[in-house]
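Number of protein chains: 2
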Amino acid sequence: MRKPKYHVFVCTSSRINGQQKGYCFSKDAVSIIQRFMEEIEANELTDEVMVTNTGCFGICSSGPVVVVYPEGVWYKEVTPDDVSEIVELHFINGKKVERLEIK
Amino acid sequence: MRKPKYHVFVCTSSRINGQQKGYCFSKDAVSIIQRFMEEIEANELTDEVMVTNTGCFGICSSGPVVVVYPEGVWYKEVTPDDVSEIVELHFINGKKVERLEIK
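Just so you know, the protein sequences line up as chains A and B, in that order.
1 is the number of the first residue of the first sequence in the working numbering; add one for each residue after it.
104 is the number of the first residue of the second sequence in the working numbering; add one for each residue after it.
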């Protein structure tokens with residue numbers, strides 16, 4: 001299989017009992033996922049960037065949380081409007097969006 | 104925050120519409136998550152290894168799928184009984200479980 005260069009994980013508060021409720025979900029995390037998919041497609045990055053929704057990362061007060069591997073960069077309080085900046089700066093230019101980074 | 108040394112993502116077929124159905128879920132992926140949590144606790148690895156459930160990785164025919172970052176190692180057809188080997192070989196000894204690896 002072809003592994004992605006960047007794998008972006010977005011907490012959508014998906015629980016293993018099938019429930020989807022929690023802080024990130026309540027703060028529009030599903031729209032964050034959708035914006036990533038749109039931006040990745042628009043920038044022709046579908047071969048390089050994979051997007052995956054997840055359950056809780058355990059730091060809900062920093063949510064919505066987005067984690068990018070393999071670098072292990074954690075972003076906090078992400079909004080749908082932040083997505084284009086992450087795509088352009090991080091995935092196209094290889095730089096972190098420092099204002100959103102959890103240190 | 105303290106970042107995990109290993110971050111293991113287990114597909115539990117969690118969909119962003121709140122449904123949880125799909126191949127990995129049907130093949131006992133929730134038990135895989137639970138076994139990881141038990142083994143990580145039993146081996147006192149809670150500071151080093153984080154477990155997160157996810158939605159579909161898009162390679163359902165290889166499921167249940169488990170992905171370990173930052174290495175980007177993808178494991179296929181994982182069963183609950185494989186978990187102790189992944190914990191011991193990969194997280195304790197730093198080696199991949201080659202028989203499960205998706206190349």
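Warning: the hint list may mix true and false statements.
[To be verified] Computed list of lysine-lysine pairs in DSSO-like fashion (alpha-carbon distance at most 30 Å, straight line):
1) Lys199(B) to Lys103(A)
2) Lys5(A) to Lys124(B)
3) Lys199(B) to Lys106(B)
4) Lys76(A) to Lys95(A)
5) Lys103(A) to Lys198(B)
6) Lys130(B) to Lys108(B)
7) Lys96(A) to Lys108(B)
8) Lys199(B) to Lys5(A)
9) Lys95(A) to Lys106(B)
10) Lys124(B) to Lys103(A)
11) Lys130(B) to Lys21(A)
12) Lys103(A) to Lys106(B)
13) Lys130(B) to Lys103(A)
14) Lys5(A) to Lys198(B)
[To be verified] Non-contacting residues of chain B with respect to chain A, defined by C-beta distances greater than 12 Å in every case (computed):
15) Asn120
16) Glu142
17) Thr182
[As the list claims (entries may be wrong)] Selected chain A positions facing chain B (Cβ under 10 Å, derived; list incomplete):
18) Cys11
19) Ile59
20) Ser62
21) Lys95
Hints were generated in silico from the structure; no laboratory data involved.
We treat Cβ as the ideally placed atom computed from N, Cα and C, and that holds for glycine.
Holds or violated: Cys11(A) as interface residue toward chain B, Cβ cutoff 10 Å? Result: holds, 8 Å to nearest chain B Cβ.
For the pair supplied as a hint, Lys95(A) and Lys106(B), confirm whether the alpha-carbon distance does not exceed 30 Å. holds (19 Å)
Lys5(A) and Lys198(B): Cα distance at most 30 Å? Holds: Lys5(A) and Lys198(B) sit about 22 Å apart, inside 30 Å.
Would the hint linking Lys124(B) and Lys103(A) be met if the CA-CA limit is 30 Å? Cα-Cα ~35 Å, so violated.
Take the C-alpha atoms of Lys199(B) and Lys103(A), compute the straight-line distance between them, and say whether it is at most 30 Å. Given pair Lys199(B), Lys103(A) holds - Cα atoms ~29 Å apart, limit 30 Å.
Against chain B, run the beta carbon of Ile59(A) and see if the smallest gap drops under 10 Å. Holds: closest Cβ of chain B sits about 6 Å from Ile59(A), inside 10 Å.
Measure nothing beyond the straight line between the CA atoms of Lys5(A) and Lys124(B); if it is 30 Å or shorter, mark the hint as holding. holds (28 Å)
For the pair supplied as a hint, Lys103(A) and Lys198(B), confirm whether the alpha-carbon distance does not exceed 30 Å. Cα-Cα ~28 Å, so holds.
Is it the case that Thr182(B) keeps its Cβ farther than 12 Å from each residue Cβ in chain A? Its Cβ never comes within 12 Å of chain A, the nearest being 17 Å, so this holds.
Against chain A, does Glu142(B) keep a CB gap of more than 12 Å to every residue? About 16 Å separates Glu142(B) from the closest Cβ of chain A, which puts it past 12 Å; holds.
Is it true that the CA of Lys76(A) sits at most 30 Å from the CA of Lys95(A)? holds (16 Å)
For the pair we were handed, Lys130(B) and Lys103(A), check the Cα-Cα distance against 30 Å. violated (37 Å)
In this structure, the hints that do not hold are numbers 10, 13, 15, 21, in rising order.
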